[in-house]
Structures are given as C-alpha cells and as structure tokens.
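Turn these sequences into a full structure, and let the hints steer you where they fit.
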Amino acid sequence: MGVGIEVSNLNAWYGANHTLQDINLNIPANHATALIGPSGCGKSTFVRCLNRMHETNPIARVTGSVLIGGLDIYANAKPVEIRRRVGMVFQRPNPFPTMSIYDNVAAGLKLNGFTNRHALDEIVERSLKHAALWDEVKDDLKKQSGASLSGGQQQRLCIARALAVDPEVLLMDEPASALDPVSTSKIEDLIFQLKSEYTIVIVTHNMQQAARVAEKTGFFLNGRMIEFDSTQKIFTNPTDKRTEDYITGRFG
Amino acid sequence: MTRIRFQQSLDELKDQLLEMGGMAEQAIQRATEAYRTRDLFICDLVSQGEIAINRKQREIDQAATDLLAMEQPMAVDLRFILSAIKINAELERVGDSAENISQRVRKMEKMGAVEMPVDISRMASLASEMVRKSLQSFIDADAESARAVLAMDDAVDAMNRAAYKALTQVMMEQGELAPQALNALMIARALERVADHATSVAEDVIFWVQGADVRHSKSLKTAPDPHEMGAV
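One line per chain: the protein sequences are A and B, in this order.
Going by my numbering, the letters in the first sequence line up with residues 31 to 282, in that order.
Going by my numbering, the letters in the second sequence line up with residues 7 to 238, in that order.
Since the hints were derived computationally from the structure, they do not count as laboratory data.
Note that the coordinates shown come from a computational prediction; the quantities given were computed from them, not determined experimentally.
Careful: at least some of the hints might be erroneous.
[Claimed, not checked] No farther apart than 35 angstroms at their CA atoms in a straight line, the calculated lysine-lysine pairs in the DSBU-like style are these: (1) K271/A / K227/B; (2) K224/B / K271/A; (3) K227/B / K171/B; (4) K139/B / K113/B; (5) K139/B / K271/A; (6) K140/A / K159/A; (7) K20/B / K116/B; (8) K171/B / K116/B; (9) K62/B / K113/B; (10) K171/B / K113/B; (11) K271/A / K92/B; (12) K216/A / K263/A; (13) K140/A / K168/A; (14) K263/A / K224/B; (15) K20/B / K139/B; (16) K227/B / K92/B; (17) K172/A / K108/A; (18) K62/B / K92/B; (19) K139/B / K171/B; (20) K263/A / K62/B; (21) K20/B / K92/B; (22) K113/B / K227/B; (23) K139/B / K263/A; (24) K113/B / K263/A; (25) K20/B / K271/A; (26) K263/A / K92/B; (27) K20/B / K263/A; (28) K159/A / K172/A; (29) K216/A / K172/A; (30) K216/A / K108/A; (31) K159/A / K108/A; (32) K271/A / K62/B; (33) K113/B / K92/B; (34) K168/A / K216/A; (35) K172/A / K140/A; (36) K216/A / K271/A.
[Said to hold, decoys possible] Here's a subset of chain A near chain B, in silico, CB distances under 7 angstroms, partners left out: (37) Q238; (38) I256; (39) T278; (40) G279.
Where a beta carbon is used, it is the ideal one built from N, C-alpha and C, also for glycine.
So this is what it looks like as structure tokens:
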C-alpha cells in the first residue's frame, strides 16, 4: 500500500478546546480508510483538517503537516488546488437546489473556469457513471433539479460532483447515515468500486459499514488516535482495551 | 457499561454452554462406569442423556445465531460467540463418544468377561480430566490453563496407540477373543476422540480469550506452503 495522505504531528483547536492531539498517520493510497469513535472524539475534525476546512471557522486553529500526493497542504498550497485534489461528501446530501443535475456535477469545473462544452458533457457523464447514478438520471439531465432526486440519489449526485474535478482523495463524513438500507448499500458498493482509483477516508458511526468497506480503520477517542490497524484486526482482535470496549459497546 | 441486555445474553449463553459441558462430562463418566461394571442400566442413562445433549446443542446454536444476527457482536464478543458455537459442537461429540462406548458395552455384556491388555479406566480418567479442565478454563476465561489441556492430549494419544498395538496382537494371536478385543479397541478410540474434543474446546477458549488461533500448530509449522507448491 502506497501512502496517499501523510499526517504528521497534527493538532487542532476550537478556541481553547484542543480537539485533536498529536495525530500521526499514514493513510494508504487507493484504499478506503474508516475512522470510528464516539461523538465528539475528533474524527470529523480530523477529516476537515485533510482539506483545510477546519480553519474556515474563525476560532479554529491547526498545526502540523498533511501531505497529499507530496503536496503539504498547510505549507504552500492554494485552497483551490486543495479542493481540486480533495473531494468531500457530507452526512446530509447537499446538492445545489436550484441547479439541474448536470449543473450540479459541472459546478466545480465551471468555477475553475472550465468552458469546453463537449469536454464538460463527457466529464459529467463519466462522473455520474462513476457514481452509479447515470442510468437513473440520463434522460432528464439538464431539466431535472438535483433537489428532486431521492436522498440516496442526491448523495450519489454529490459524489459525482466531487469526482468531476478528478480528485486524488475523497473524504466522506458519515455519507450514508441519513439514508435507508438500500441507498446505504448502493453508497457502500460505490465506495468499494471507487477505492481502487481514489484514496477514500470515511467517518462512520456504523461499525458494520466500516467493516464492509474499509481495509484500514482508525479509532479516535478524546481527540487522540488510539489505534490504527487493518479493519479485520480492529474488529476481531484489537490491541488496545479502549478500542475493544468501544466496538463491543461497553462505552460510547 | 452499555448494551446491558446484550451482555446478559452473553452470560446466558455461557451458562447454557456450561450446562451442556456438565451433561457431556457426566455422559463420559457414566459410559466408562458402564464399561467397568457392564451395567446396562447405566448404558440406558447414557442414551437418554444423549437425547438431552442433542436438544441442548440445538438450543445453544439457536441462541448464538440469534445473537450474531441481532447484536452484530465485535472483537471479544464475536470471538466468544464463535467459540461458543464450536465448543457446543465439540461437547455434543463428547456425548456421541459416550453413546458409542455404551453401545460397545451392550455388545460386550453378551460376551464372556475377558481381561484385555488396555487400561480403559486410566484412559477414561485422563480424557474426563481433560474435558473438566477445558471447561474450567472456559469458566475462568483462562488461556493458560487451556494451554495446559493441550499438553495432556499427547498422553492419551500414546495410550491409544499402545492399546491399538496390544489389541491387534490379541486379535492375531487369539482369534476367539477378536470380538472382545475389537470392542475394547473401539472404546479406546472413543476415549481418544473425547480427549481430542477437549483439546478443541481448550483451543477455542484460547481463541476467545487471546484471539490466537493455535489449531494445527505443530503440523502447520512443518508443512510446506501450498502456495509455494503451486497447489492453490
């Protein structure tokens, strides 16, 4: 496994609250990595540090380094470059409600000044196919609003939107927690297919989901990374007692 | 502590398995007692117990399956339930072995009593001790005492080999005693199987407590890798 994201001495604060403490971690490239832990443990803050979203809050602060494909995103990268390299999908699907399905997918490219209509058509189609949504929306791409889709479809639309800019990394913060089991399965199948091409980091409270989609799993507690290992090891025989207590439901 | 109901269900599963263990242990003790006394009434008790053991096996498997389906256990809880299912099967087979012995005793009872060159009592005592100790290691969740059970298996295997050698000699040299010798051989074999089941229970305890798979350790250490041989 090559390293997709190299995190060194990462610390994060919300005001005086030290929410992430000394995180050191190599996230493998072209694999899915799951982050688990109780609410407030820092896992969402952690993924938001991987695309510099954490600092968009004025009272937030970050120290340390995050290397993505050799680029230190905290040293010399422009936000636009980071957004292109790192896509993100959130808990609740958030398509642009007034835009068509087509425009939702093309939005990132258009913002970057991409104007070649023919190439745009190709990228939109490829992204929607990648997100396993093409067959369901291809007939009414430019008229139908993104908001008119079902929750599961909206989430796949958001994934297509993230893929359109051809990122290296896809961050997913509980991408299926608002979806029914069928839609959840589709998202999980999708993660499984996408991970050979993208480095995927998924935050989830659903441990079965982590077990199903991720090769590596990290357990966070109180702002610290307690254990990071193969998913199989974490869920069958974790090394740290705190990990075992959490995944067996003895606390959390 | 959260998931209190789940933890209670795990405790209940353990209690059921201990009950099953008690039944299996009693079955093997009764079977060897039947051999010693040629008492057909005890053979009947073993057969009745076998039915109860079979029923219990199904109950335990159902309880374990329900927990797997409903609670999605992880880590030590997952290992415990997997071990419980395997231990359940081993204990049921101890019951089968006891039944096999009692059937042999029924056949022997019709034949003349002849002294055979095999110490069934000692073998039975050692196999029963292994069952008892493996169950104790399960009660205590103690991997070290489970490992001590593994070490006892060699002695029973050696006794079984000695019984085979001595009893085949009887068959060859005293043909008229062949039926009795064959029955004694089958009983020795059944006791050797009981020791094997106790060994498996101990291995399952180690897996549950430590997450270590110690099965087939000796043979796998020396065996060539099938991947290297191009077999897989």
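The hints, checked one at a time:
1. K271/A / K227/B: At roughly 30 angstroms apart (the allowed maximum being 35 angstroms), K227/B and K271/A satisfy the hint.
2. K224/B / K271/A: Judged against 35 angstroms, a Cα distance of about 30 angstroms means the pair holds.
3. K227/B / K171/B: Measuring from Cα to Cα gives roughly 29 angstroms; hence the hint holds.
4. K139/B / K113/B: holds, 31 angstroms
5. K139/B / K271/A: Holds - the C-alpha atoms of K271/A and K139/B are around 28 angstroms apart, at most 35 angstroms.
6. K140/A / K159/A: holds, 19 angstroms
7. K20/B / K116/B: Since the Cα atoms of K20/B and K116/B sit roughly 42 angstroms apart, the hinted pair is violated (cutoff 35 angstroms).
8. K171/B / K116/B: Holds - the C-alpha atoms of K116/B and K171/B are around 25 angstroms apart, at most 35 angstroms.
9. K62/B / K113/B: Holds - the C-alpha atoms of K113/B and K62/B are around 28 angstroms apart, at most 35 angstroms.
10. K171/B / K113/B: holds, 22 angstroms
11. K271/A / K92/B: Holds - the C-alpha atoms of K92/B and K271/A are around 25 angstroms apart, at most 35 angstroms.
12. K216/A / K263/A: Measuring from Cα to Cα gives roughly 26 angstroms; hence the hint holds.
13. K140/A / K168/A: holds, 20 angstroms
14. K263/A / K224/B: holds, 24 angstroms
15. K20/B / K139/B: holds, 16 angstroms
16. K227/B / K92/B: Within the cut-off at roughly 23 angstroms; holds.
17. K172/A / K108/A: holds, 32 angstroms
18. K62/B / K92/B: holds, 14 angstroms
19. K139/B / K171/B: holds, 29 angstroms
20. K263/A / K62/B: The given pair, whose Cα atoms are some 33 angstroms apart, holds under the 35 angstroms limit.
21. K20/B / K92/B: This hinted pair holds, its Cα atoms lying about 13 angstroms apart.
22. K113/B / K227/B: violated, 42 angstroms
23. K139/B / K263/A: holds, 30 angstroms
24. K113/B / K263/A: violated, 52 angstroms
25. K20/B / K271/A: holds, 22 angstroms
26. K263/A / K92/B: holds, 21 angstroms
27. K20/B / K263/A: holds, 25 angstroms
28. K159/A / K172/A: holds, 16 angstroms
29. K216/A / K172/A: Answer holds: K216/A to K172/A is near 24 angstroms, not above 35 angstroms.
30. K216/A / K108/A: holds, 34 angstroms
31. K159/A / K108/A: Satisfied, since the Cα-Cα distance of roughly 30 angstroms is no more than 35 angstroms.
32. K271/A / K62/B: Holds - the C-alpha atoms of K62/B and K271/A are around 34 angstroms apart, at most 35 angstroms.
33. K113/B / K92/B: Given that 35 angstroms is the threshold and the Cα spacing comes to 32 angstroms, the pair holds.
34. K168/A / K216/A: holds, 18 angstroms
35. K172/A / K140/A: Holds, at roughly 15 angstroms.
36. K216/A / K271/A: Judged against 35 angstroms, a Cα distance of about 33 angstroms means the pair holds.
37. Q238: Constraint on Q238/A satisfied, holds at 6 angstroms.
38. I256: With Cβ-Cβ at 14 angstroms, over 7 angstroms, it is violated.
39. T278: With a minimum Cβ separation of about 5 angstroms from chain B (threshold 7 angstroms), the hint on T278/A holds.
40. G279: holds, 4 angstroms
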